[in-house]
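Residue-level listing of the chains:
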Amino acid sequence: DTGVSQDPRHKITKRGQNVTFRCDPISEHNRLYWYRQTLGQGPEFLTYFQNEAQLEKSRLLSDRFSAERPKGSFSTLEIQRTEQGDSAMYLCASSSPGQIHTDTQYFGPGTRLTVL
Amino acid sequence: DQQVKQNSPSLSVQEGRISILNCDYTNSMFDYFLWYKKYPAEGPTFLISISSIKDKNEDGRFTVFLNKSAKHLSLHIVPSQPGDSAVYFCAASPSYDKVIFGPGTSLSVIP
Chain A
180 DTGVSQDPRH
190 KITKRGQNVT
200 FRCDPISEHN
210 RLYWYRQTLG
220 QGPEFLTYFQ
230 NEAQLEKSRL
240 LSDRFSAERP
250 KGSFSTLEIQ
260 RTEQGDSAMY
270 LCASSSPGQI
280 HTDTQYFGPG
290 TRLTVL
Chain B
2 DQQVKQNSPS
12 LSVQEGRISI
22 LNCDYTNSMF
32 DYFLWYKKYP
42 AEGPTFLISI
52 SSIKDKNEDG
62 RFTVFLNKSA
72 KHLSLHIVPS
82 QPGDSAVYFC
92 AASPSYDKVI
102 FGPGTSLSVI
112 P
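Those protein sequences? They're chains A and B, same order as listed.
Each number in my numbering corresponds to the 1-based position in the first sequence with 179 added.
Each number in my numbering corresponds to the 1-based position in the second sequence with 1 added.
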């Protein structure tokens with residue numbers, strides 16, 4: 180299976196701890212997106228990369244959040260000093276080059292974060 | 002402010018009948034609209050899309066209609082099948098790089 184993978188699938192942490200999530204996109208995709216989804220809501224855009232360049236960040240992405248895609252392949256999303264409000268599903272998606280619109284965004288299964 | 006709205010959190014339909022899921026948007030800069038389907042414990046899966054230059058797009062049992070003047074789109078599923086039971090997200094894109102999702106409608110197709 181060469182779909183988008185995310186690790187871990189579940190993470191439980193205590194308030195104040197740091198957590199890091201990983202996303203491996205589909206190999207030939209050059210765009211990678213991070214979204215956050217809370218109960219009863221649709222995915223909310225956090226940030227996206229084209230290759231290794233981070234092109235846009237949502238205002239939802241506070242200073243405690245940082246995302247990287249060092250070699251234009253996998254990406255990591257780190258949350259420092261977690262708060263209970265960070266509890267959510269974190270989704271990663273990738274899309275293929277040459278597409279004008281985002282109908283080819285492929286999503287991973289997500290990482291569910293619970294902050295106690 | 003919610004730019005993409007799905008005012009029905011849930012919908013139940015009998016198997017074989019038509020399912021109609023509705024979506025409203027507020028931003029006239031949106032030029033591309035998408036529907037995603039999500040099963041529990043999985044990420045959203047792209048279903049169907051429509052450009053603002055069209056008013057209808059059909060793919061098998063799924064048809065999306067766009068009414069630009071009303072800033073409204075709908076997804077029709079005919080005939081509905083139990084396997085269609087999922088959460089459906091309406092989404093809109095103002096450019097090629099970002100998608101804004103609605104809150105979703107949970108569809109239950111009753112056998």
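Worth double-checking, as some hints may not be accurate.
DEER-style ranges, computed between Cβ atoms [to be verified]:
| no. | chain 1 | residue 1 | chain 2 | residue 2 | range |
| --- | --- | --- | --- | --- | --- |
| 1 | B | His77 | A | Asp242 | 20 to 30 Å |
| 2 | A | Gln220 | B | Asn58 | 22 to 32 Å |
| 3 | B | Ile111 | A | Ser241 | 14 to 24 Å |
| 4 | A | Gly219 | B | Lys55 | 24 to 34 Å |
| 5 | B | Ser70 | A | Gln259 | 26 to 36 Å |
| 6 | B | Asp60 | A | Gly195 | 26 to 36 Å |
These are calculated hints, taken from the structure and not from any lab test.
Virtual Cβ for every residue (Gly too), placed ideally from N, Cα, C.
Comparing the hints with the structure gives:
1. B:His77 - A:Asp242: 20 to 30 Å: 44 Å, violated
2. A:Gln220 - B:Asn58: 22 to 32 Å: 26 Å, holds
3. B:Ile111 - A:Ser241: 14 to 24 Å: 43 Å, violated
4. A:Gly219 - B:Lys55: 24 to 34 Å: 31 Å, holds
5. B:Ser70 - A:Gln259: 26 to 36 Å: 47 Å, violated
6. B:Asp60 - A:Gly195: 26 to 36 Å: 48 Å, violated
Violation of the numbered hints given earlier is confined to hints 1, 3, 5 and 6; the remaining hints are satisfied by the structure.
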